[in-house]
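Engineer: Combine both chains into one complex, guided by the hints.
Chains as they are written, first to last, in my numbering: chain A, 1 to 194; chain B, 1 to 245.
Be a bit skeptical, because a hint or two may be false.
Claimed, not checked - Simulated coverage check for chain A against chain B, where a stretch passes if three residues somewhere in it have a Cβ under 8 Å from a Cβ of chain B:
(1) 69-76
(2) 183-191
To be verified - To give an idea of the chain B side of the interface with chain A (calculated C-beta under 8 Å), a few residues:
(3) PRO83
(4) LEU85
(5) LEU89
(6) ILE99
(7) LEU145
Just so you know, these hints were derived from the structure itself, not from any lab. In this text, a Cβ means the ideal position worked out from N, Cα and C, and glycines have one as well.
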Amino acid sequence: MKNENKLKGRDLINIGIYGAIYFVILFAVAMLGMIPIFLPLLSVLVPILGGIPFMLFLTKVKKPGMIFIMAMIMGILMLLTGMGPWPLLTCAIAGILSELCFKSGNYRSAKKAVLCYGLFSMWIFGNYLPLFTDYEGYFAQRADYGQAYIDAVQKLMPLWMAPVLLIACFVCGLLGGLLGRAILKKHFEKAGLA
Amino acid sequence: MAYSAEKAQEKRRGFLDPRTKLALVLVLALFVMGGLGGDQLKGIKTILSVLPFLLLLIERQWKRFARGVAMLIVGYGLLLAMPYLPGILNYLALMCGGILTRFVVTIVMGEYLIATTSVSEFISAMERLHMPQAITIPMSVMFRLFPTIGSEWRSIRRAMAMRGIRLGGARAGQVLEYQLVPMMTSTVRIGEELSASALTRGLGAPTGRTNICRIGFRVADVLLLAGCAFAIVVWILELCGVTLW
Chain A
1 MKNENKLKGR DLINIGIYGA IYFVILFAVA MLGMIPIFLP LLSVLVPILG
51 GIPFMLFLTK VKKPGMIFIM AMIMGILMLL TGMGPWPLLT CAIAGILSEL
101 CFKSGNYRSA KKAVLCYGLF SMWIFGNYLP LFTDYEGYFA QRADYGQAYI
151 DAVQKLMPLW MAPVLLIACF VCGLLGGLLG RAILKKHFEK AGLA
Chain B
1 MAYSAEKAQE KRRGFLDPRT KLALVLVLAL FVMGGLGGDQ LKGIKTILSV
51 LPFLLLLIER QWKRFARGVA MLIVGYGLLL AMPYLPGILN YLALMCGGIL
101 TRFVVTIVMG EYLIATTSVS EFISAMERLH MPQAITIPMS VMFRLFPTIG
151 SEWRSIRRAM AMRGIRLGGA RAGQVLEYQL VPMMTSTVRI GEELSASALT
201 RGLGAPTGRT NICRIGFRVA DVLLLAGCAF AIVVWILELC GVTLW
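The shape of chain B in the complex, shown without the other chains (with noise of 0.2 Å):
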C-alpha cells in the first residue's frame, strides 16, 4: 500500500523530468538566443522555437503562455511595421523587433522551467546528475530567491517613487542607494530565515538524503532529450563542414 503522501506526489509529478528541462533551456540559450549554427539548422531552431509555448500549454500555465505570445507578437509587429516606419524609429523598430524575437523563446523556457520545478524536484534531478552539494545549494536557493527579490523591489520602487526616488522624479540621484539598500537588506533578512529553516530540515548534513519527490525519464523526456542531442550532433557536424541537406 502507497503512502498517500506518495500518491498525491505522484499526482504532482511534471510533465518532465527536471534534467530534460535543464537541457532544453541550454539547447535554447545556446541555438535560439547564442543564435550559435547556421543554415543547417534553421528548421530544428523553428522546432525548438516553438516547443517552450507547448510545454506551458500542456502544463495550464495560461498566464504565462499568454505573456510569452504577446511578447512574440509585438517582437513580429515592430518587424513587420520597420518598413513603414520614418527614419531613427526604423533601426529602433528592427533591432527592439531581431532582440525580443530572439530572447522570449529562451525567456520562456525558464519561466517555464523555474514555474513547474519544486526545489526539491530540482535537488533531486541535481544529486542525480551527480553534482556536488557545493553547486546544488548555492543554486537551488537562488531559484528560490529570485521571485522573492523580484516581488521585493517591486514593492520598495513603489514606496520609494512615493518619496520622488524614481527615474525621472525629483530625486532620481538616489535611486541607487534608497533601492538597492533595502532591496538586498530584505533579501538578506529573508534568504537568512530560508537557510535557518533549510538547516533544521537537515541542507548540508553529511548523510545521504531522502526524497519523497518522484522523477525519472518518460517517453516525453525520451522524446526531447534526444530531440536536443539531434540538434547538437547536426550542429556538430555542420562545424566539420558535413552538409546534411
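Next up, chain A with everything else stripped away, as it sits in the complex (with noise of 0.2 Å):
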C-alpha cells in the first residue's frame, strides 16, 4: 500500500505539464498587471483562467504530495520572476489546506476538488503582500514608474483591501474551478484526455 501511494516519475512529469500550462496563463494575465486599474483584478482572473489547467491537473492527481509540490513550485517561479519570497510562504499553506482538503475527499470528489481549487489559489495573495506588509516601501521602490502610477494603485490599494483581496481570490478560485469543471465536461473528456 505504503509503496503505491509514492510518488513516481511519470507523476512529477505531470506535475510539470500542467504547471506549465498553469504559469503560461499566469504569466500572460499579469502582464495586465502593469496597468493600475488590473493590479487588484488579478485576484480575479488569475484564479478564474486557472482554473481550466487545474482542475484537468487535479484529474491526474490520485497520490498525496502532487498539489503541494505544485504550490512549492509556483512559489520558487515567482521567487525568480522577482515577486520576493513571500509567495513561497503563501504556496506552502495553501497547498498543504488544498492537499489536505483534496485528501479527505479520495482524490475523487468533485466537489472538494472546486473547493480545493478555491484554497489553492489563496497563494496568489503572497504577491501583494510585499505591498500591505511595506505600504510606504513598496511605493518608494516604484517611484520611478511615476506619480501617476503610484496615486492610481494608491486609490485603488488602501489598506483595508487586504482581506477583500484574499477573499476574492478564494471566491474566484472556487468559481474558477466551476469553469475549469464545465470546460472539462465539454472539451477534454471528449477528447479523452480526463
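Structural biologist: This is the structure:
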C-alpha cells in the first residue's frame, strides 16, 4: 500500500506539464497587472482562468503530495520572476490546505476538487503581501513608474483591501473551479484527456 | 583516451555553470526587477544590469541580444520623450518606460538561462545542489515545455484568427474557450509523449543517474558568484544600517 502512494516519474512529469500551462496563463494575465486598474483584478482573473488547467491537473492527481509540490514550484517561480519570498510562504500554506482538502475526498470527489482549487488560489495573495506589509517602502521602490501610477495604485489598494483580495482569490478560485469543470466536461472528456 | 562523445560535450560546454546562471537570475530578480535595496546598491545594480547583455554576446546569441537592446531603447526612448508628450500620453510613456527599463534586464537574463542550458545540464546542476527529484523533474519539464507552449499558442492563435476568433474580431467572446482549450490539449499531448520518452530513458528510476554533461565552477563562475554574494552582503549591511560609501 505504501509503495502505491509514492510519487513516480510519471506523476512528477504531470506536475511539470500542468504547472507549465498554469504558469503561462498566469504570466500572460499578470502582464495586465502593469496597468493599475488590473492590479487588484488579478486576484479575480488569475484564479478564474487558471481553473481550467488546474481542474484538468486534478484529474491526474491520485496520490498525496502532488498539489503541494505544484504549489511550491509556483512559489519558486515567483521568486525567480521577482515577486520576492512572500509567495513561497503563502504557497506552502495554500498547498497544504488544498492537499488536505482533496485528500479528504479520497482524490476523487468533484465538489472537493472545486473547494481544493479555491484554497489553492489563495497563494496568489502572497504576491500582494509586499505591498501591504511595507506600504511606504513598496511605493518608494516604484517611484520611477511616475506619480500618476503611484496615485492610481494607492487609490485602488488602500490597506483594507488586503482581506478583500484574499477573499476574492478564494471565491474566484471556486468560480474558476466550476468553470474548469464545465470546460472539462465539454471539451477534455470528449478528447479523452480527463 | 577520451570518448569522442565526451570531447563533444567538452566543446559544447557553456561559458557558465547552470548554478551560476540560476544565482544570477535570482539576484537580478530580487534587486533589479524587485527593486530591493536603496542608494547603496545603485552602482551594483548598474553593473548587474549590463551583465546579461555581455553574457549573450559571449555566447554569440546575436538575435536575443538585439531584441533585448531594442526593448531597452524603446524603454529609454519613452522616458526621454515623456516630458514632450501631452496629458495622458505623458503618464503612459513614463509608466511603460519605467516598467520596461526595469523588466528587460531580468527577462534577458531568463532568456539567456533557457537558451544556453540543456535539460541534462539543468538536471545535473540541480542534483549537485541536492534538490529533491520532486522539484527538479517538474521544473525541468516546465523549462522544456515553455517554448513549445509558446509556439503552439502562436499557431493556434493564427488558425483561430482566420475564423474571426481574436481580440477585436467578430467572435472575440470565444477567444478564451477556443484558444486556451486547443493550446492545453496539444500541450498535454506533447507532454505525454515527452513523459513516455523520458521514462524509457530512466527518469525517476530509483537508482542514481549518470550524466554526460560536464558542469563545474570555473574562473568566470567564481567571479560572478562572488559578485552575487557581494550584492547580497551589501544589501544586508544596508538593512542593518551600515553605510559603506
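Engineer: Each of the hints needs a verdict: does it hold here or not?
Structural biologist: Structure-based check of each hint:
1. 69-76: Satisfied; 5 residues make the cut.
2. 183-191: holds (count 4)
3. PRO83: Nearest chain A Cβ about 12 Å off; hint violated.
4. LEU85: With a minimum Cβ separation of about 12 Å from chain A (threshold 8 Å), the hint on LEU85 (chain B) is violated.
5. LEU89: Violated. Min distance 11 Å.
6. ILE99: With Cβ-Cβ at 5 Å, under 8 Å, it holds.
7. LEU145: OK, holds: LEU145 (chain B) within 8 Å of chain A, min 4 Å.
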